Structures are given as C-alpha cells and as structure tokens.
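Q: Residue numbers (the working numbering), protein chains in the order written: chain A, 2 to 222; chain B, 110 to 194; chain C, 53 to 429.
Check each hint, because a few of them may be wrong.
To be verified - Which bits of chain C does chain A cover? Going by a derived footprint, with three or more residues having C-beta under 8 Å, they are:
1. 54-63
2. 153-165
3. 195-206
4. 211-222
5. 279-288
6. 304-318
The set of hints was computed from the structure by calculation and includes no laboratory data.
None of the values given here were measured: they were computed from a predicted structure.
Glycine included, each C-beta is placed from N, C-alpha and C at the ideal position.
Below are the chains, spelled out letter by letter.
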Amino acid sequence: MEGVIQQFYLKSSILKTSLHIQSFCSFRFNKIILNGETVVAKEKGLSFSEFSKTVYKESGIAYPKFFKMDNLSKLTFLTAEVLLKNCALPSEEKEKMALVLSNRSASLDTDRKHQLSIQSKENFYPSPAVFVYTLPNIGMGEISIRHQIKGENAFFVFKEFNAKFLMQYSEALIHNKKASHVLCGWVDIEEDAYRSFMYLVSKRGTYIHSEAIINKEYQNI
Amino acid sequence: METLRQELKENIIEQLNLEDFTVDDIADDDRLFGDGLGLDSIDALELIVMLDKNYGIKLTDPKEGKEIFVSIAVLAEYIATHRTK
Amino acid sequence: MKRVFITANTIVSPLGFTSDENLQQIKNNSSAIQFYNNTEILPNGFHAAIINEEKLNQNFQKSIVASDYTKLEKMMILSLQDTMACANFEITDRTALLIATTKGNIDTLNTKSKTSAHKAYLHVLGETIQNHFQFKNEPIIVSNACVSGILAVAVAKRLIQNGVYDNAFIVAGDVVSKFTLSGFHSFQAMSDSPCKPYSKYRNGITIGEAAASVAITSGSTSQNRIEIIGDGSCNDANHISGPSRTGEGLYKSIVSSLEEANVSAENIDFISAHGTATLYNDEMEAVAFNRANLQRTPLHSLKGYYGHTLGASGLLEAIVGLHSMQNNMLYTSLGMDELGVSKPLNIIQRNEKKNIRTFLKTASGFGGCNTAVLFKK
Chain A
2 MEGVIQQFYL KSSILKTSLH IQSFCSFRFN KIILNGETVV AKEKGLSFSE
52 FSKTVYKESG IAYPKFFKMD NLSKLTFLTA EVLLKNCALP SEEKEKMALV
102 LSNRSASLDT DRKHQLSIQS KENFYPSPAV FVYTLPNIGM GEISIRHQIK
152 GENAFFVFKE FNAKFLMQYS EALIHNKKAS HVLCGWVDIE EDAYRSFMYL
202 VSKRGTYIHS EAIINKEYQN I
Chain B
110 METLRQELKE NIIEQLNLED FTVDDIADDD RLFGDGLGLD SIDALELIVM
160 LDKNYGIKLT DPKEGKEIFV SIAVLAEYIA THRTK
Chain C
53 MKRVFITANT IVSPLGFTSD ENLQQIKNNS SAIQFYNNTE ILPNGFHAAI
103 INEEKLNQNF QKSIVASDYT KLEKMMILSL QDTMACANFE ITDRTALLIA
153 TTKGNIDTLN TKSKTSAHKA YLHVLGETIQ NHFQFKNEPI IVSNACVSGI
203 LAVAVAKRLI QNGVYDNAFI VAGDVVSKFT LSGFHSFQAM SDSPCKPYSK
253 YRNGITIGEA AASVAITSGS TSQNRIEIIG DGSCNDANHI SGPSRTGEGL
303 YKSIVSSLEE ANVSAENIDF ISAHGTATLY NDEMEAVAFN RANLQRTPLH
353 SLKGYYGHTL GASGLLEAIV GLHSMQNNML YTSLGMDELG VSKPLNIIQR
403 NEKKNIRTFL KTASGFGGCN TAVLFKK
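I would like the entire structure built from these sequences, with the hints used as guidance.
A: And the structure:
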C-alpha cells in the first residue's frame, strides 16, 4: 500500500513539474515588460487611453475594432498581442488554447459609464456599445476573435492576484485534456490605474510552472 | 441638407470610434455596413440611440434600421423628414 | 480520475424558496413572469420575474438573524444555507466556495442607493458570503457572462478531480436591476410579452432573478447523487454579442463534454438548453444541436418560467434538470407553440414521463462563451 501511495505522489509530482511557462508579459505605469525586459516605456503622465493608443499604433497592426473596445478589453487585447507575438504558436495549437483570466474590479470601470447614462430619467440614453462591455470576459472574446482561439474560457474575480488558483486551474485543464496551452493571467483597470500580467503555460518552456515563479514575475513591474 | 450630412459624418466618426476615418474619407453614397465603413450590429444599435438622442426619432424595429442605415445620403434624407428636434 | 457528484441543491426564485416548491410550480407549468408598469426604470414598463422582497425577508428572518444584507446577498445566503444543511459534508480547509454572478450587487452603483457602492466589487460580495458561513478559503468568483452558473459546476468538478479540494459549495445569483434592464433594452433585445423560446413568434428575452446552490463532492454513496461526467466551455471566436451562425463554440463544448464522458449523442436522454428567445440565440442553438446530432433529443428552455436569470440561469436550470432525472419527468418548454428555427429540434410540448439517465445542460453568453455539462444518474 505504501508503495502504491508513494508511486502516486511520484507520478503526480512528475505531472506537476512537467508543465512550463513559455513567456510572461506585463503592462503597468505606461511600461511593458516581456520576459523580464522592458520593451516599451512611455511618459508616466499619459492617460491609459493615450498610452494604449500609442502602443497600438507602434505595434503596426491594423485592427480598427480596437478603437471600439472599452479600456479593459484594450488592455486585455494588447497584452495578449505582445505575449502571443513572442510565443509564435502554430494556428492549430492556438485554436485549442485555453484562456483563464482574472481581476479585482471585474468590469466596474465600464459599469460606471453605463450607470451614468441611465442615472437620470430626462437624459436616459444607455449605449449598447458601452453595455456590451459591462462583463469582464468580453476581452477574452476579443482575443479569441483576433487569434481564432476556440478553446476553454473562464474569467475569475479575486481580491488580489491569486497565482496559486491560476496554477491549480491551468493544471486541471491540462490534466483533463481540455487544453495543451493555457493563456493565463490578470487584467485589471479602474480609470488610469491599470495592471496586466499574462503568461503562457505549456508542456515546453523556459520557466517552471510554479506559484513562486508566477508570483515573482507578477511583482516584476 | 449638406450641413446635416456633414454633421452626420462627424457624429458617426465620433460615436462609433472610427479612428481611421476623417469626414473627407466618407462619401455621401458610401455603404455604411459591409465593405464600406465596416460597421456591425452593435454600431447599428448605436445609430438607433443617436437618432433618438440627437433628432428625436424612435426606431423600435431593427429592420427599419436596415433600410435607413444604407448611406449618409439616405440617412440624412430620412432624418430631414422625420426629425422632431 | 476521481468521480464527482452533486449531493444537495436549493433554488430561491419567484417560484419558491426551496427546490421542491420550484419543481411543484414547474410541474404546474406556472410562470413567474409578470408585467411591471415601472416607468422610472423603462419608459414603457417591462416584463420580468422578480422575487417579492417581503416574502424574501420573511423567509430570511425565519432562520437567519437579520443583518445589513442586500437582496442578492439574502437570496444567496438563504439558498446556500439550505444546501449546506442537506449536504453530507461539513466545511473544512479542503472545501471550496464558488460564487457565480454576472453583476453581483450592481444596483449599489446608483448614486441614489442607500448601500455603499463598495459592495459592487464582486470580491466584497464574496467576502460577505464567506464570512456568513465561516468558509476557510477565499471564494472563487466565476464571472463569465451568462454561462457563469454552469461554468462554476465545471470549474468545481475539475478542481476536485485534480485533488485541489475534497468538496465544494457553489452559489449562483443575479438580480433584476435597472442596470441590466436598460442595457438589454438598448440592445433592442427585450421581449414585449413573456419570452417565447424557440417559437416562431419570439421577439426577445425577459429578465429574471434567482439564486441557486449545489453541494459537490467526490465522496458520496447516496442513492440520490448525480454524477458530473463531462464538461466543455469553448469560445465562438466570432463576435462579442452576436451568436455564431455556425454554433461553433456550443458545438465544440458539447463534443468536449461527450468525449470526456465517452458517451455518444444517442445516449443523451434530455437537454436543458439556453433558449433565451432572441432571434439569433435560439437559431444558433438549433444549428449547434443539429451539428451534434441532438435534433431528436427532448429539449426545453426554462426561460418561459424564470426569465433569463443571467449568471444564475445555468445552475438554476441544471438543478431543475437534476430533478427531472430523479423524477423521470420531462417538463414543458413554456412559451413554445410553432417552431421558429431553421433546423429541427424536439421541443418538449407537455409534461411527460421518461426514463432519464443522462442529461445535458448548455448555456451561451456575450463574449462568445458557451458551456456544456453532462450529468448521469
């Protein structure tokens, strides 16, 4: 019996350590860090709208729908853009990739805009283009469309960044054969205070998939 | 009518966040949906709100929208005859 | 892989404050949808399914010491309390709490609201529920549009299967608010009569409110346990609000759940579908079910009873499905008359006895999300 239990732990620890992280990408304080290196740094005084517009323009992509997105979706979209460009996955791998994102304030940044538009009876003009973004998972929809990702999707809310949960859930998805790659992370914005952190979990990669490493990279901006 | 068309172009660019367009890029007869300006279903809903807010026109049937949101020229024509403000 | 079961459940809705009360109303084909002539909220009033606040307070005070809780919190606590009393396990540090909601206490954003807008943060709602019941772990909040409630079931199952937790409680809830009513109104998505899923005469959704909860565990020998045997939650990658014309994400989600369970389409006895009664959603589902070869399987939408309860709907409707299995009964899809989708579907037109062993629950939502979960008796 003891042998069986030991074998089980050995097996599960092999499974656990067999996962890796290919790349990390963070956006904060008008800076972008990719795998520990600062790849973009703009003046601190820029608003998120100005910063995101500059990053979009400099990235050279032509995707006019970007300008229709709310700020949470713009942040989600751009972070995924920088990360996935760096990972260069074949499209058939991308199609099966899972998306697991999380944050603290859900879509409150846009919820407040919708609330303003319905507050008075006389000036009651709720905007469908605002309302559609009053859900935190819409940004995942935007990156799914952009990269043709048709895999597992889930959006979670926590008080603070929760590396342990993200790790546990990504492992569960991979062990249950629901995905072989998981785009994981945190995207949070309220007015100009924003922070994003995404990484790609897969069977190959430079970094070990561990809570300590995820937390260390999260703090790295 | 010319002023109304001009005003519509400015409003559409602003309301629908058509960042890559200027008023001069939009011809009166350009198709708003499909290949033209590339608007989609959410934009159509947003145009319905714009008609209500700016011109006091209430559309309740989305199918009506399809006949009106053809081009700037058609839209301006419709507004000129139906506006209440 | 560990087997995972649902062992207890409670629905708190306008149709009743226990699952049994709810099932009785469904057997009688009674709808909770009413017309509200409230022009403060929408210029022409609206149809909705709303919980009577007085009745809620009476039920709440019967067993729980009154506190400064919002309507949604009361609904969730009432539901969860009942489920916890019926579950075969206690809270330990290996028990997860999952909360599924789209908008939580969103009505506190209104500047006229007496409650602090701080409550609009979903983690604050989570802490309130956690503290009320003294859960040891931080709640896992699933906020993934209209699939939230059923996606939470898949999440809990996956975490328990992989040994992260031994068991879990899930509570899903959303309320009818000016916030969501005005939004769907601006989307021209609101029906001008009680919604009619899959009908030729359908013209939009009706909003409702409810809280629903379940106990999930890998350790059960109960006769009434229902096993969760497969799941999938795939994206359409097509449009953020418009349902996919090919039903891609829903089809992929169904296939993923079937493959995991090693079950073929012919072995599914009944489907509880999403059926919001918008033109495009119901059509999308018809396409996806036909692609999955499920066009002959008896199917209903419960939106004609409860309206669309947003983040609660997936879990609420799954619970009714679990009772369908236990009672071996198919319940009428309320609002259906003439089929109004382009592909065949076998819509349940009257209550009917049927031996149900395997049941599929599906949901879809904004952002192109879809979820399918497969249950077995």
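Q: Indicate, hint by hint, whether the structure satisfies it.
A: Evaluated hints:
no.	hint	in the structure
1	54-63	violated (count 0)
2	153-165	holds (count 7)
3	195-206	holds (count 4)
4	211-222	holds (count 5)
5	279-288	holds (count 5)
6	304-318	holds (count 3)
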